[in-house]
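Colleague: All chains should be built: construct the whole structure from the sequences, respecting the hints.
The listed protein sequences correspond, in order, to chains A and B.
Residue numbering for the first sequence follows the working numbering, starting at 32 and increasing by one per position.
Residue numbering for the second sequence follows the working numbering, starting at 321 and increasing by one per position.
Think of the hints as simulated: they come from the structure by calculation, not from any bench.
Glycine included, each C-beta is placed from N, C-alpha and C at the ideal position.
Restraint ranges, calculated between C-beta atoms of paired labels, are given here:
#	chain 1	residue 1	chain 2	residue 2	range
1	A	K106	B	E578	25 to 31 angstroms
2	B	G549	A	N74	51 to 57 angstroms
3	A	E33	B	K334	48 to 54 angstroms
No farther apart than 20 angstroms at their CA atoms in a straight line, the calculated lysine to aspartate or glutamate pairs in the EDC-like style are these:
#	chain 1	residue 1	chain 2	residue 2
4	B	K593	A	D72
5	B	K598	A	D72
6	B	K596	A	E64
7	A	K35	A	E47
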Amino acid sequence: MEIKVKTIVGGCVEGEVVVSRTPISFLGDVDLETSKIVARDSNARNRVIAKKILIIPRSRGSTVGSYIIYALYKKGLAPSAIITVDPDPVIIVGCVISNIPLAIGIPHKYLNTIKSGYHAYFDGDRGVLIIEKRNTHSY
Amino acid sequence: MKIVKILENLGVHKDFTCTPYIIREPRYGEHLAWAESSAVIYANTIYGAKTNREGGPLALMAALIGKTYLAGLHIDENREPTLLVELRLNKIDPLTASLIGLSVGRELQGSIPYIRSKVGLDIVSVKALLASIATTSNTAMTIIEGISPDAKKFSSSASELEKIVIDEKSAVYEKNEMCSKPDLLFVGCPHASLEELKLLERALRDRRVKKPIWVCTSNSVLKIAESIGLASKLRKLGVVFAPNICFVTTPLRKMGIECVVTNSGKAMYYLPKLAKVKVLLASLQDLVRMAR
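Modeller: Following this line, the structure appears as structure tokens:
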């Protein structure tokens, strides 16, 4: 499955996806020590976002989120790429200062069809997200 | 302190608060680049100023050059309501407003709500409502009937919008992180306004409390409270001021605090996650009672 997205911060990455249908406040909803999503209302609760392609509708809450994305990056715990439905200033700035590949404009319906654990490629040059319906780890 | 020094050298006003609109009120139609979700939603909703919900670094960069990007809420057609939120509660006090705000925020999904309330909303309740909405959503603006400057423009068209109804059932606590024996009682999330200090004074009824009630507020509000004798009166009754400080981002657990009582839904949302403490939510009156 190939999905057209709009690249904001370029780069090409491959890896496992984490999908939260609920928006995420990087301050509070993500544990800074482990990069686990701790929001109780998120379907991706307890999933680690470090080195994953994170797909979310948008952020919510704190505008400190930009700094938290940067802090995660400094700790080596940042997502390898972030894909959102809506443009979100807090995420855009966090990704720009941390050089994390970012795309916006993934249609909302994919938040229901793409499952955490699927394997994906994000090609920032072409502005596409390619989803493979296999898990990254075969165990 | 190093950061404070650098900011001072840049010419930053040294008042560290989440309620900058109290220090310098935004003007109608003014373009701003603000961070702090509760201040952003307040500036757009109450003053009709125009700001997106910016992250801290961008707000700082915009301040350096005195410009921001022309998109989002800087453009008038993006400032129209897209959803009608009807508050069908018979009574809305600040605590209720704080709680329903969290529920409203969860429903919004990026939309701009036109908020119509069956009963009138006082300004302290509005502040609590907006802070909570901004906690559980990315919504940077609402239009409140009878309060927002542009509300009249949309009052008839809003009735045609998709509608969500909020009633007493939406004022729910997140029970599983509650506690019963408070180590710390605090008000002022977002930072207490002068009106909130007056409400606290009224709730204290000239009787000194046994346990201190901590108040987070801005230097500016504290100065006004000092000048009218309110601050010294509150101190005599057992209030301790923590100006320019945020308890939510303070490592309270490491300081030996396990259970915090607050009247703020926003604080209830963030405290367990950031300060790693349990929370008991109470109205201002109940909070004072617990301090006795």
